[in-house]
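Asks: Residues per chain are reported as follows:
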Amino acid sequence: MARTSNGTVVATVVLALGLAFPPPVAAQKSGGILRSYNSSNPPSASIHEEATIATAMPFSAVFNNLLMFDPTKPRNGLDTIVPELAESWKWDASRTRFTVTLRRGVKWHDGRPFTAKDVQCTWYRLIGKDPDDFRKNPRAIWWRNISEIAVNGDFEATFVLSSPQASLPALLATNLSPVYPCHVALKDMRTKPIGTGPFKFVAFDSNKTITLAKNKEYWKPGRPYLDGIQYSIIASRSTRTLAFAANEFDLTFVADITAPLVGDVLARSPKAVCELAPTGVSTNLLVNRDRAPFNDENLRRAMTLAIDRDAMNSILALGKSSISGAMLASPHGKWGMPKEMLMSLPGYGGAPAARLAAARKIMADLGYGPAKRLKVKVSTRDFQAFKDPAVLLVDQLNKIYFDAELEIVESSVWYNRAIRRDYSVALNLTGSGVDDPDVTLAEGYACKSERNYTNYCNPQVERLLAEQSQEVDQSKREQLVWQIEKILAEDAARPIILHNVAATCWHPHVKGHVLHQNSIYNNWRFEDVWLDK
Amino acid sequence: MGTYLVRRSLLMVLTLFGISVLIFVMLRLVPGNITDIIFDSAGFVNERQKKKIERELGLDQPIITQYGRWIAGLAKGDLGYAYVSEKPAIDEILPRIPVTAKLAALALFFSILFGVPLGVISAVRQDTTLDYVLRIISLSGLSLPSFWLGLLILMAFVHWTGWIPIYQSSPGNLWKEIALLSIPAAAVGFRSSALVMRLTRSSMLEVLRQDYIRTARAKGASDTSVNYDHALRNAVLPVVTIIGIEAAFLIGGLIVTETVFNIPGVARFLVEAIRWRDYPIVQNLVMFIAVVVVVVNFLVDMTYAVLDPRIRYEG
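Just so you know, the sequences run in chain order P and B.
Just so you know, we're using the numbering used here here: the first sequence kicks off at 1 and counts up by one.
Just so you know, we're using the numbering used here here: the second sequence kicks off at 1 and counts up by one.
Hints were generated in silico from the structure; no laboratory data involved.
Any given hint could turn out to be false.
When the alpha-carbon atoms are kept at most 30 Å apart in a straight line, the in silico DSS-like pairs for lysine-lysine are as follows [said to hold, decoys possible]:
#1 Lys-187/P with Lys-52/B
#2 Lys-51/B with Lys-129/P
#3 Lys-187/P with Lys-76/B
#4 Lys-50/B with Lys-192/P
#5 Lys-29/P with Lys-271/P
#6 Lys-192/P with Lys-219/B
#7 Lys-87/B with Lys-76/B
#8 Lys-339/P with Lys-476/P
#9 Lys-216/P with Lys-87/B
#10 Lys-448/P with Lys-51/B
#11 Lys-187/P with Lys-50/B
#12 Lys-320/P with Lys-129/P
#13 Lys-129/P with Lys-50/B
#14 Lys-90/P with Lys-476/P
#15 Lys-187/P with Lys-117/P
#16 Lys-375/P with Lys-339/P
#17 Lys-187/P with Lys-87/B
#18 Lys-52/B with Lys-117/P
#19 Lys-52/B with Lys-129/P
#20 Lys-176/B with Lys-129/P
#21 Lys-51/B with Lys-192/P
#22 Lys-375/P with Lys-399/P
#23 Lys-50/B with Lys-387/P
#24 Lys-87/B with Lys-50/B
#25 Lys-339/P with Lys-387/P
#26 Lys-192/P with Lys-87/B
#27 Lys-50/B with Lys-448/P
#28 Lys-486/P with Lys-377/P
#29 Lys-448/P with Lys-52/B
#30 Lys-271/P with Lys-533/P
#31 Lys-377/P with Lys-50/B
#32 Lys-533/P with Lys-176/B
#33 Lys-107/P with Lys-87/B
#34 Lys-187/P with Lys-176/B
#35 Lys-192/P with Lys-76/B
#36 Lys-50/B with Lys-117/P
With the hints as constraints, model all of the structure from the sequences given.
Replies: The following block contains the structure:
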């Protein structure tokens with residue numbers, strides 16, 4: 001992309017074509033079925049209606065976006081966006097109109113032509129302007145600024161925003177933002193989706209298999225290399241890792257191999273490639289700031305100081321998890337604070353013993369001590385990934401005169417309770433679709449966000465959130481984001497304990513796959529993947 | 001006998017009606033419904049969208065209306081639509097029944113094939129080395145958790161053969177399928193055969209001490225004739241009962257085995273449906289299992305009469 005003097009960002013067609021159609025390498029072989037597995041049954045095949053990777057990974061190959069993160073670059077950011085269905089794009093001077101020029105000759109899998117109307121109706125459904133709206137819309141907050149999608153002929157669409165939003169191209173580039181066909185009912189998109197992508201949907205047999213076949217009329221010449229993709233749905237982790245070792249699968253499900261398990265997998269399949277990367281899910285502490293005594297900011301501060309992130313990291317992930325604020329830190333993330341800045345925040349810097357002493361002192365000042373402990377239930381969801389860190393959290397809180405006890409909440413009512421704030425202290429895991437403050441910070445800390453489980457609402461943070469969203473200059477935006485991070489840490493607003501990591505493994509005959517490091521949702525088109533068998 | 005059959009059939013219908021009410025009410029007493037789970041998977045709750053889905057699925061109707069609609073559909077063979085997959089429930093349930101039925105039949109076959117003869121041998125050779133060995137084997141069959149045994153089998157296969165005997169897609173033909181299912185069936189059958197063996201042994205020991213056995217021996221009957229014609233026929237009644245119970249259990253209770261061996265059977269599907277509060281799937285599957293249990297019980301009662309002519313069912 002080149003930036004013009006008037007601030008308009010233009011992706012030139014030449015560069016776009018160069019990025020979209022890298023010259024094929026002679027060694028690449030066509031054919032074969034890529035065999036992978038899914039660790040759980042996807043609730044549906046409709047990416048727009050789900051937040052789970054169980055849907056996004058298998059069904060991304062059916063679709064295309066307008067823009068996409070460069071498949072060859074593992075770290076997604078505004079600077080790694082390349083064209084997909086949009087050949088080029090540009091902002092207007094006011095940065096409230098984002099116009100995309102669409103690729104011609106693209107067809108849906110049922111043979112109907114792809115046009116700007118499809119773009120319009122996809123985003124009208126997302127912003128609730130289409131009567132046939134989604135059954136659920138988990139990322140509605142991403143599109144809150146879109147007021148209209150103006151269509152100019154069949155091949156040009158303009159996103160009209162109510163205020164500038166620098167992150168819009170990144171939101172459009174994630175695999176979570178595919179273009180849907182207007183002419184297909186949403187019920188069908190949940191059960192037998194139709195896209196423009198490199199693979200056609202063949203079958204989704206609940207709890208058994210998902211089958212995709214090569215789209216022979218794919219608009220990208222020479223792609224995909226594979227004849228198809230087959231996912232088996234295997235609930236037992238032991239079974240699927242053994243099956244991978246037995247070469248039943250070419251590729252594991254994304255982030256399915258926990259850090260302690262990587263050694264086991266490599267012991268059975270010494271030639272396998274296993275890459276550890278952040279899962280996009282953070283473990284975080286929820287404190288009900290409306291409920292006494294947790295409405296006392298000193299108590300919340302003591303709790304923040306009591307968290308020993310390094311201990312949790314070494315116990316849960318052999319020290320491989322990433323420790324940072326709300327935004328994922330470098331080298332994986334784009335927006336995390338520099339280490340020295342992070343270490344100056346409460347709960348991060350200094351020796352654990354000193355932090356513990358400081359936390360105990362605060363507790364003592366509040367009237368607690370060995371003889372008078374603060375009795376509390378630490379609530380968490382009935383999932384192993386929640387329960388393990390929650391047990392450690394209970395132990396760490398008990399070191400500062402808490403008498404904490406674990407409360408396991410039935411999974412189906414967990415978010416109902418979290419949203420009602422029917423807890424005093426809770427441990428939660430939160431996923432983030434795109435490594436961008438407009439997603440991570442807005443979803444977790446904006447006053448009106450549906451995922452703001454603590455009901456944290458700080459006018460200063462609101463103002464800074466809006467400001468960073470509109471800021472074009474990356475370094476200025478970074479400074480604003482770090483200001484927000486500092487306030488969040490000082491307010492003990494939903495402290496992030498760890499950014500979890502896990503591995504994805506594949507056998508060496510799987511070629512052309514690049515695992516993206518700061519979003520598990522991206523690069524699952526498989527159009528450049530081939531099998532060297 | 002005819003009156004008994006009519007009475008028994010009416011009782012079966014009444015039992016199934018009671019079960020249908022119980023399933024229906026209990027499912028709705030469990031916290032959370034499908035809309036909660038749908039939103040739970042997305043990490044947020046939107047009351048407007050929740051209400052819309054509840055309306056679409058008819059969950060906003062009074063419970064009695066929902067029950068009436070289900071039973072009326074059931075009577076017409078319409079099981080409704082699965083909430084999660086949005087496909088007809090019958091299309092989701094039907095393909096899974098033969099898989100589970102084959103697995104259960106094979107497991108039952110193994111348990112009878114090994115359990116009954118080894119139980120007889122153990123009883124006849126009471127307190128010999130062979131008896132002790134068989135008792136230890138049966139005890140281990142009862143005490144080893146099936147998930148552990150299943151995983152051990154998988155690990156052994158991967159280690160020694162580089163192949164894993166899991167069910168991924170339907171094997172080409174019946175024989176291949178039976179060969180694949182025989183491995184998990186052996187894991188399940190090990191536990192069942194241990195149960196059958198211990199019961200056969202204790203029952204045989206009791207019978208072998210009866211006067212008529214001594215009389216048979218005194219008349220010069222061979223050991224085989226005494227053990228199998230005279231003793232086993234009388235000792236087998238409690239074994240038939242336990243085999244009946246096992247058969248019913250095997251239809252809906254092989255959750256762990258189906259999960260470990262990735263078998264697309266009824267039990268694993270049922271657990272997944274319960275997790276999603278997919279009422280049409282859960283209700284109909286539990287009803288199916290209930291029908292199997294009731295019918296098997298009926299067949300067990302009929303078998304009693306065949307095995308023991310002294311038993312007569314009068315009206």
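Asks: Could you run down the list of hints and mark each one as holding or not?
Replies: Structure-based check of each hint:
no.	hint	in the structure
1	Lys-187/P with Lys-52/B	14 Å, holds
2	Lys-51/B with Lys-129/P	19 Å, holds
3	Lys-187/P with Lys-76/B	26 Å, holds
4	Lys-50/B with Lys-192/P	23 Å, holds
5	Lys-29/P with Lys-271/P	21 Å, holds
6	Lys-192/P with Lys-219/B	74 Å, violated
7	Lys-87/B with Lys-76/B	18 Å, holds
8	Lys-339/P with Lys-476/P	18 Å, holds
9	Lys-216/P with Lys-87/B	28 Å, holds
10	Lys-448/P with Lys-51/B	20 Å, holds
11	Lys-187/P with Lys-50/B	16 Å, holds
12	Lys-320/P with Lys-129/P	44 Å, violated
13	Lys-129/P with Lys-50/B	18 Å, holds
14	Lys-90/P with Lys-476/P	21 Å, holds
15	Lys-187/P with Lys-117/P	19 Å, holds
16	Lys-375/P with Lys-339/P	35 Å, violated
17	Lys-187/P with Lys-87/B	10 Å, holds
18	Lys-52/B with Lys-117/P	26 Å, holds
19	Lys-52/B with Lys-129/P	16 Å, holds
20	Lys-176/B with Lys-129/P	54 Å, violated
21	Lys-51/B with Lys-192/P	25 Å, holds
22	Lys-375/P with Lys-399/P	13 Å, holds
23	Lys-50/B with Lys-387/P	28 Å, holds
24	Lys-87/B with Lys-50/B	20 Å, holds
25	Lys-339/P with Lys-387/P	29 Å, holds
26	Lys-192/P with Lys-87/B	11 Å, holds
27	Lys-50/B with Lys-448/P	18 Å, holds
28	Lys-486/P with Lys-377/P	28 Å, holds
29	Lys-448/P with Lys-52/B	22 Å, holds
30	Lys-271/P with Lys-533/P	15 Å, holds
31	Lys-377/P with Lys-50/B	29 Å, holds
32	Lys-533/P with Lys-176/B	26 Å, holds
33	Lys-107/P with Lys-87/B	27 Å, holds
34	Lys-187/P with Lys-176/B	37 Å, violated
35	Lys-192/P with Lys-76/B	28 Å, holds
36	Lys-50/B with Lys-117/P	29 Å, holds
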